[in-house]
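*Asks:* These protein sequence lines are chains A and B, in that order. The first sequence: position 165 = 165 (our numbering), numbered continuously. The second sequence: position 243 = 243 (our numbering), numbered continuously.
Partial list, computed: chain A residues near chain B (C-beta under 7 Å): (1) N207; (2) A208; (3) V257; (4) S259; (5) S260; (6) Q261; (7) N262; (8) T309; (9) S310; (10) V311; (11) V488; (12) S585; (13) N587.
Anything over 12 Å on all C-beta distances counts as not near chain A; from chain B, calculated: (14) G66; (15) Q134; (16) K248; (17) K270; (18) T274; (19) Y296; (20) H316; (21) N335.
If you are wondering where the hints come from, they were derived from the structure by calculation, not from laboratory data. We put the beta carbon where it would ideally sit given N, CA and C, even for glycine.
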Amino acid sequence: MTISLKYITCTFLFWILVQEVGAQMIFDTLYLDETEIISRKYERNAPTKTEEIDTLVKSELNHLSLADLLSAHTPVFVKDYGKGSLATASFRGTAASHTKVLWNDIEINSPMLGQVDLSLVPNNFYSHAILNYGGSSLENTSGALGGAINLFSGKRRSDEKLSFIQTFGSYKTFSSSLNMNLGSRKFKSLTSAHLTSSDNSYSFYNNAVIPPEWQEQKNASYFNRGFTQSFAYRLSAFHEMEIVTWNQWNFREIPPVMSSQNHDNHKEEQTSFTSRNILKWKFHKKNTLLNVKTAWFYENLDYLLVTATSVDPEDTVTFIHSVNKTNSGFVKARIMQVLAREWTVSGGVDMTFHRVNSNNYEGLKSRNNYGLFLKIAKSFSDFLNMELMFRQQFVDNVFTPPAPFAGVSIKPFRTHDLYLRFNANYNYNLPGLNDLYWYPGGNEDLKPEYGIQYEGGITYVKRFSGLIGLTVELSGYDSYINDWIQWVPTDYRYWTARNIAFVHARGLEALGQLYGQKDDVIYKFIIRYSFTKSTNESNEAKEGGYAGRQLIYVPLHSGNIFAFLSYRKFEFTWNTQLTGKRNTSLNDASLYSNVLPAFSLSSISVGKSFDIHKISLEAKFRVNNLFNVSYQAMLWRPMPGRNYELFISFKWK
Amino acid sequence: MKMTCKKLYKHSVFLLTAAILFFSSCQKDPEPAPPVGEFENAVFVVNEGNFTAGNASLTYYNYNTGEVSQQVFYRINGAPLGDVANSITFDENSIYVVVNNSHVVYKIDAVTGKYQAKTTGLTSPRHLLKIDNQRALISDLYEKNLTLINTENMEIISRVPLGRTSENLLNYGNKVFATNWSAFQQDKLNNMVMVIDTNNIQMVDSIQVGIEPNSMVLDKDNYLWVLCSGGFLNEELPSLWKIDPDNKNVLLHMEFPDINSSPNSLDINKTGDTLYYLNKNIYRMAVSTDQLPDNYFIRAGGNDSFYTLGVSPESHIYVTDANDYTRNGVVNRYNPNGVLVQKFETGIVPGDIGFMY
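Build out the structure end to end from the sequences listed, making use of the hints.
*Replies:* Take a look at the structure:
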């Protein structure tokens with residue numbers, strides 16, 4: 001492995017050195033409507049840590065899911081049961097339910113589980129993604145004790161009128177992605193469609209059975225397809241209406257754990273349909289911005305487990321069919337006013353209604369949530385920015401305690417782009433409806449989890465002569481989550497949800513980014529490292545002797561690097577992600593199976609594009625898991641070894 | 001602070017190389033497993049682990065020295081025990097471990113613990129019972145058959161139709177008694193003990209007991225005692241039954257007063273005169289009495305959640321505590337007077353105890 005790595009590295013470096021460099025392109029040029037620019041200032045002098053996922057990185061993975069993107073390129077830890085299987089995200093040592101995913105500002109977390117399956121979010125269904133770390137999420141949603149991911153549909157200036165990507169991958173994996181942008185100054189239509197399927201029958205060395213043997217992954221196929229459509233109409237210079245819909249049909253098989261020695265009479269699968277629809281009205285005049293969104297989301301999730309006896313495949317012995325239908329309605333209104341002397345005031349109301357019909361609940365269950373939001377921001381020229389936020393919720397006729405936020409950012413030197421930021425906040429996460437109503441074990445007396453978080457950070461940005469830029473960023477946080485919900489056993493034979501843990505999560509996040517161009521050469525290099533310490537400090541944990549021990553499936557160290565190089569119409573990318581060792585039980589790490597070892601995964605791609613008038617054709621070849629690392633992201637869940645993808649893309653500018 | 005392009009390239013090249021090498025070299029090998037010595041004075045605790053997590057394990061305890069070794073199956077054989085290990089049985093040369101949700105029964109060496117053979121092709125195996133030198137029966141939570149295997153090579157010989165699912169197995173003379181613990185996959189009530197003739201390996205009779213018979217033992221007078229929990233949803237009062245296995249007559253039927261209680265883990269001492277069981281606390285009763293004890297023998301502490309009980313040949317009482325089911329459990333070992341002798345750690349959810357002496 002080391003020899004091949006050195007060889008590749010040397011070749012890559014040689015390639016960088018011998019090329020003549022030139023200038024042509026600027027990264028991250030983002031075109032948004034002017035109203036959006038007012039409402040979304042992702043500026044370095046913000047008092048919170050907010051980050052947009054690099055457009056170049058996103059375009060590299062546009063045919064994959066949000067899970068793939070986050071795990072390879074952000075500090076967000078993705079808990080992944082295997083390719084195409086359930087994948088959830090956790091920020092900063094918190095749980096998946098503490099990560100809120102929003103689509104055009106509306107939360108798409110399942111009201112039942114409180115989390116989102118990121119492997120079912122195709123990257124070509126949104127134009128850009130914003131990560132809100134910790135308290136910065138409070139502006140858009142509540143309960144994101146770790147952070148939030150906000151996905152936006154919209155058009156970038158650089159976007160093509162039509163683009164189509166077809167990929168062919170190992171294990172009979174195919175994906176097709178289509179994006180189409182039409183319209184005039186007044187009317188815009190954005191369409192995207194995605195279809196992906198895979199047999200997912202990769203080979204793995206099964207050392208969980210005796211004697212160990214090479215096996216092919218079974219019952220792991222998936223087939224997902226969907227589309228998004230947006231129609232936007234500018235009624236006047238000040239008014240704009242938009243309707244946007246996201247519809248998706250998913251099917252996946254759920255493979256057994258590696259130690260299972262009875263594959264043939266086992267069928268476990270999940271089928272789902274989601275329809276998410278938003279109607280937006282936007283008014284913008286001078287210093288006033290008014291934004292009203294109403295939405296209706298529907299989800300139908302079927303889980304099926306059928307096993308037969310080993311004697312007769314027709315003799316069914318287990319039949320579990322779980323049917324879950326969710327209807328959610330949202331109203332979200334925001335008004336923002338820019339006042340004199342660099343004061344900005346914004347406020348809004350949020351209304352959310354969930355209705356869940358599940359054969360795992362006793363009857364129809366619902367949740368009505370009303371929220372009030374206020375924000376005051378003040379700038380003192382370039383030197384100082386201050387923000388105060390406040391959020392209040394009224395959930396099922398009960399007020400949750402208020403969630404305040406205060407933050408400040410300082411730019412100490414006028415001539416240097418050095419920024420310091422500090423913030424602190426309270427936040428509340430409501431229990432999922434499963435926690436409340438699952439039969440048996442749901443607990444209607446659960447309280448919301450509440451978190452206190454402190455964050456500080458420093459960002460340094462330097463532009464050098466020509467078009468070379470450097471960004472260095474370091475953030476630290478310290479957070480406490482009380483009444484953390486866990487399922488615990490009871491005297492009866494089922495488990496129940498209880499507010500049991502008190503979790504202390506703290507850590508550091510570092511980012512270094514360098515980009516530049518000279519003549520025909522464009523390059524970009526991003527490196528990240530995260531240190532995450534997350535421990536249960538409750539009395540139960542202290543009595544049980546596991547206080548201070550890292551929570552399960554939270555790596556202490558993680559990081560990734562991304563390198564991009566293009567020369568004329570050739571391009572090359574390298575990505576390596578590191579996941580440190582993870583505990584899989586609360587017990588001592590001295591026993592082997594209580595800890596999963598660290599792993600690093602690398603992928604490379606090489607591409608060449610051809611331009612014919614307004615049409616651009618590109619062929620790209622990608623190698624995933626370049627060093628054929630055998631690893632487990634979850635205990636005894638096999639992952640694919642080295643595998644390949646071929647892309648062919650067609651773009652019409 | 002002005003950095004020229006050239007310098008910057010050098011820096012970037014250095015950074016890139018360093019980072020790629022650092023990140024790519026972080027793959028670590030698993031920690032080497034320490035060796036386990038030969039089994040002596042062995043008590044085994046079968047740890048179920050968590051359903052679908054594949055973290056079942058085997059704990060070995062030397063009752064003489066008090067030493068405990070965790071994860072011995074993994075450390076000896078280099079593979080995990082599997083998903084939801086359920087029970088352990090012994091013969092002279094081998095140990096049999098039934099791993100329910102891995103659908104396998106492992107046969108390992110009784111001295112070294114090394115893998116010898118396995119039975120696959122099972123649906124949801126629960127217990128194994130040797131019926132002679134070369135054959136054993138395996139019960140099944142979902143199948144309405146017992147599986148007869150050859151214990152030399154662990155291959156399946158035949159299936160034995162029961163019409164019901166099966167749980168505990170007990171040998172008496174040329175009969176095997178099998179409890180019908182689970183109502184799953186059957187339209188009949190789960191309140192039977194089935195009788196299998198080992199001469200022709202056929203079910204020949206059945207005895208009605210209470211709902212959900214979860215454990216049974218044979219006493220010194222060869223009477224069969226069967227403990228019934230009353231059902232998953234507490235359908236009826238839990239009960240303890242005394243049966244004459246020769247003529248299938250029910251001699252005693254004692255009901256527990258609390259319908260919400262769920263007594264389990266009936267066991268007996270080596271002399272066959274004292275019964276033990278769990279009902280939150282540990283209870284004991286002489287086989288000569290015809291009344292359930294009012295008072296516990298050993299009380300569970302405030303944080304204890306006793307899960308399984310086993311009585312050793314020298315009448316020490318071993319009781320497992322699954323803690324919160326997500327971290328390692330413990331076993332309390334009491335002497336025959338109920339005095340705590342030792343407390344030792346196990347794996348996750350210790351669900352069965354086996355005494356190999």
